Amino acid sequence: MQRYLIQRLLSLVPVLFVVSALVFSLVHLIPGDPAQVLLGFENTDPEQLARVRRDLGLDRPVYVQYGRWLAKVVRGDLGKSARTGRPVLGLVREALPFTLELATYALVLALAIAIPVGTLAGTTRSRLADAAMQLLTLLGLSLPAFWVGTMLILAFSVHLRWFPVLSFPSFAQAPLASLWGFFLPALTLATPNAAAIARMVRASLVAVRHEEYVKVARAKGLREAVVVRRHMLKNALIPVVTLIGIVAGYLLGGSIVVEQVFAIPGVGRMGLLAIVQRDYPVLQAVVLLVTFVFVLVNLAVDLVYVYLDPRIRYA
Amino acid sequence: MKATRVTVAVAVLLALALGGAQAQAPAPQRGGTLRVGITQEILNLDPHVATAFSSIQVLDLVYESLLRLNPQTLELEPNLAQSWTVSPDGLEYTFTLRRDATFHDGSTVDASDVKATIDRILDPNTKSPQASFLAPVKEVTVVNPFAVKITLRQVTASFLSLLAASTRGIVPVNFDEKVGDPKVKTLGSGPYQLAEFSSSAVRLVRYERYWRRDGQGGRLPYSDGVLYRVIPDAATLRAALRAGELDLIIGFGVDITAARALAGAPDLRVLSVADLSYSLLGIQNERPPFSDVRVRQALSLAVDRKQLIDVVYTGRGTIAGPIPPTLREWQPLPAGQLPHYRADPARARELLAQAGHPRGVTIKMMPIATVPDAVQIAQVLKEQLARAGFTVDIEQVDFATFLARWRGSQFDTFVSLNSGSIDPDIHLYRHIHSTGSTNVFKFKDANVDRLLDQARNTADPARRRQLYAEAQRAVADRVPFLFLAYADLFAVTRAPVQGFVLASTRSMTPLAETWISR
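Protein sequences appear in the order of chains B and P.
Quick note on my numbering: the first sequence kicks off at 1 and runs consecutively.
Quick note on my numbering: the second sequence kicks off at 316 and runs consecutively.
One chain only, chain P, in its complex shape (with noise of 0.2 Å):
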């Protein structure tokens, strides 16, 4: 049986600041060492345990998963598995392996190191975050040395998106003693192996036997090394980019006033693309007034999400629907035919007056603050929800207690972002079903949850489509908490740099194929 594919959605690059028309594409020249600036600490470079996004940065570039994504397309496309066979009953994946990958260390990557992965992230001694993903798997079992079955308790139609995440990367057999501390060193199959750690600072250098070729049989990769650097502060981190000493700016602080900056500048090169991470209002749907579903939709209705997008993003950014816009194959709704979406404050008074509150309500509102954008955002909800009667207490408070309240549902409301995801249920999943890992917002709704596992456990796309479809609307309807905006996201490159693709997912191996013109 031919291999479910997740396809499309193509990521729209953009250049604002091109000077000139384009020659036809130069052929790459190997060598230099790209320069990364991101602003978040590198924390921890076990695969299978960091959750930073820095972290992750690097981890694309050291570990490979079965499968890849294609930064530009979003389809799936083997990696380190070649090929795969899906049973009929949906339970059973057959992976077959390539013969030329190898670990860092010489060995050949097989089937025992698929096995012993899966293992080492299910392990509660790992304490791995990923192992929720991978609930579902119910064995692994080594076929041949390239060949491997993965048995699952339940057919989960996102299974396959669930295994090309660098998280879920590779590791050999023995992965603990082989590599010492997984936190500092590392061992994995990718184009780049750790050369030096710290958390300010890792440099990268080419692994030589590395498996994949360009498109012209060349070998990758093009560059003798990465090198990021940890900059905090996002005008020091533009200044450094501006003086020459950084190739590439990513991540968070590389936001539209970075873009708006630096666009114009001859040397450099702004590139942007539709994120899958989106804004939200989460709310604490067990506190009143927000138990009484009416007042959730007074919430919607009372938000302008096109004025928002306009002043907090200066228009960068797409109102968020439950799917993104970028993952046409689901057929996202557009605003316009997604219930409570149009911005009508004297309806939403009128709700709020039948659910008992015809004064309105005080709300409170924490915005996080590790999300430059949040406070602002707090702010424009503060001034829109103001029109329909909800007062709003915005509450500023440290990373850590965010995260803390966060987790045990103490919030009225909360502004913050959710990173998206190229399967719409692990997109929405694990949010809004009753059972969801990070259903903070305490919502519950027997429709909805039928919608999603249904959607979850059918095998057959078009099914599925008609499903989200349907979860689509019942999703606004009920108001779980506020999907906002889907806002641009930004990387800034110094003219020389070519062939990098921004990627909606964020991932940064197309690196892989970046290179220095001299």
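Just chain B, same shape as in the assembly (with noise of 0.2 Å):
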């Protein structure tokens, strides 16, 4: 077991390397740099943007710039801004709760709706019910972020004035105003991502429904809710949460949107932000956490299946 952590921690070295490189190539490929999205509008003189583009280091080739790059992070450096200037390390630093907080308070949101929907979905007898949670999902699955926030704002917030608008404070200070103010947020994170999630808990169900330890289970006289908890549910979650694996992804994308739309200073607009900007250090950064966060998560997935199913073993 702790073999196979070491193994799969190691392993991350190698992706974190291929993913920056691949990001770093790409964003170079593409016009326009932060020298220039410094200067704006303001000139067009050749010789100040050679003196900027110098002093960022972009005059010299790109596998330097990346070589460079390199060197300073394996020693734990960031770099700086080529925006404002700032440490990277402390953008990051003042971003990630938010992201961080939104993210997982999205995803127990998304489970707290998914599992009871999918599985009154999953084990309903009554056909109307089911299809009108299909329906349901679908919905959630299929409507835009976007139009989503700006609905749940308008509704709670303009009109009832039940939530704050932009009121994100942190959940170490105050946990009750945090769970309050992100509410909205990471209810819209968490609809496509719940419905997604409530599907693969109804047909998981579904599929176990005729095994033979179901009918065992029926037969010894237990009640239906124990049949669908201990024994139905238990193994039908299995797929589940390797979809819980993926939906750590979507996440940390959705938070991009999500961000946008209720103006959280998060991880998710700050790399929106260094893309538009061309700041390569910064959105090295954000995708080196993503990565990063990603692939952790995964590996947790994999140990959570040991519990579920004693049947893994990971040697």
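Keep in mind the hints are simulated off the structure, nothing from the lab.
The hints are all genuine.
Computed, partial: chain B to chain P, Cβ under 10 Å: (1) Val37; (2) Gly40; (3) Asp55; (4) Ser157; (5) Glu259; (6) Gln260; (7) Met270; (8) Ile275; (9) Gln277.
Since the model is a prediction, treat every value here as computed from it, not as a measurement.
Backbone N, C-alpha and C fix where the C-beta goes; we use that ideal spot for every residue, glycine too.
Now that you have both chains on their own, put them together as the hints suggest.
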């Protein structure tokens, strides 16, 4: 088990390396660079551009730039934002708590919605209820986040005034106010993921419904709730847990849109701006961070399998 | 000698959604925090380096320049300089500084600080985009602690206007050492000082020793603080105002759509004023077919600017000639008197045929991604130009790509917004003169160059006016690019917000005299 863990963690290194190299070369392929964005529309003086490019190290070939960046990152220095000149590490530290809270909150909400809905749809004998739930989840999947978010703000913040629009205190400092302020964005981010998970829960429950062990459980005279919870759900959840690993990626990606709509200064918005402004150091940091989190979550998912299905062992 | 004054141009203030008659002006109340919503990220607070409009909105309250523009009349007024004289040859400007202005660290603003400021802007290491504006400065001499003399290389009629901007704000000697990191920390002499900075929120607090008084001799600023909140999504920005979480929304994203959505709400007020910035269709003059002036003239004739304003701005705008209609002092010519301004697709076709394109031409058009109206303008133009034989391919590119192509003159045409100025020299020279700092159009015309040079180097306002009257016609005739429209500018406040003036220049200095009635 330990060896497996170490192996998986070590395999992170080449993944991060490849991803960073790929992103580094890709952003350099598209036109525009941070020096030009810095100078904006004020003048077209080529000398000034050359000077700024030299300062940012952009006058070197891409592989030299990448090498220099890598050498610094290995020593824990993520460099400075080309756009603002502020240390990237500080920027990430400012933004990360927002995104982590948003994504975690959204995951919890998604599960809280998806498991009951999916279970109900997967076990009900009413075709109408099943169809209604299928339709609902289809809607949840297809409505775009920017629309859902805007509608939630209009309904619950502007008209009903139940939730604030611009208040995102940190969970550590004010847990209740934080859960309150983050509720609408988290719900927006949770919606499509809840729908996806609910459909998966339903499908796996339907698949195990006629398994021998379920019939045996029923034959033993167990109550239906116990059959569902202890025998059906635990087995049906394995593919769902796999999905959660993938959903973690969606949550990080989806946070770009949700942070934009709700004006949350998180990592997603930082990454988006970094792309628009060609702020290479910030973009690289965001990509590394997202990759890192994604791999870690999937590692955690693999470990959860062991708990859910004792037949799975990692040697 | 009396200082040259750039005068008048009354900004029209319109209250679209004002319920009931206004009682006589109540006395200002002190205290409270003004919460201002904007859509653009605040990137950099170095007054001489920042270019983003959002940064300048903050700088306007923290840094002060020698002169300032009255936000309502657009007249130049004394600021840190309480008076000035100009030598008869127009080359030496001597400014007398006020004695009661202090920086936020308590030290007095004096002549050596003015010299240090101009030196800092002109120092290549600062990499200040403002340097090109101050290029005419030959030297700055400290006459005494409260008098400073600026000597120019050549007569520059717009020089005083150049000194009235927070991006040329006065900073103390050894600014960089004193402030530490000027990108995120500030040390100015304005009504507010920085309390907290992140790219999504900036908090300013009142500077208690600020020198300016209001009309009744009361201390300014009225409000204890100003909080800028960055809300990138325009719909959310409006929602936050309606939910009472903001007092004022302004800048990109607060356009005609926002004004219409919020007009009629009893607890809100919509302000508007004619903008100095204008939308334009940029043209690469060296690229065929545009290298032939007849093709550019055909473009101008093919465009129905009135219809464009009706469709894109629902009529809230003015047809753009080379000089903004707000600058009446400079006698802007109305569209009817400018050549090639009357929409005439048939004549455009003829000109195109004469230029050797009887079957029309296909051109590319690149709208800027950061101006929400640009794509819509491009779509309207595509349709209008089709009637005259131009087939338009709209190319949508992201902001950085746009900038790269703009800078390198790698385009057929583009749709964008050019920021304006209260002085026609600053307004026109940089874009249109063959040596202009932003002449990405590669426009080159000896007559236009001569007129702009003469107007720049003439101190006499009457003679300058004549030259600009001629220049306006010449520019419209040679078509360096298409001036399209000066759209109205909007801001929306909550009803209790008093005293805010929306300026054509987009300046935020009126916030010092803004207060919330309770």
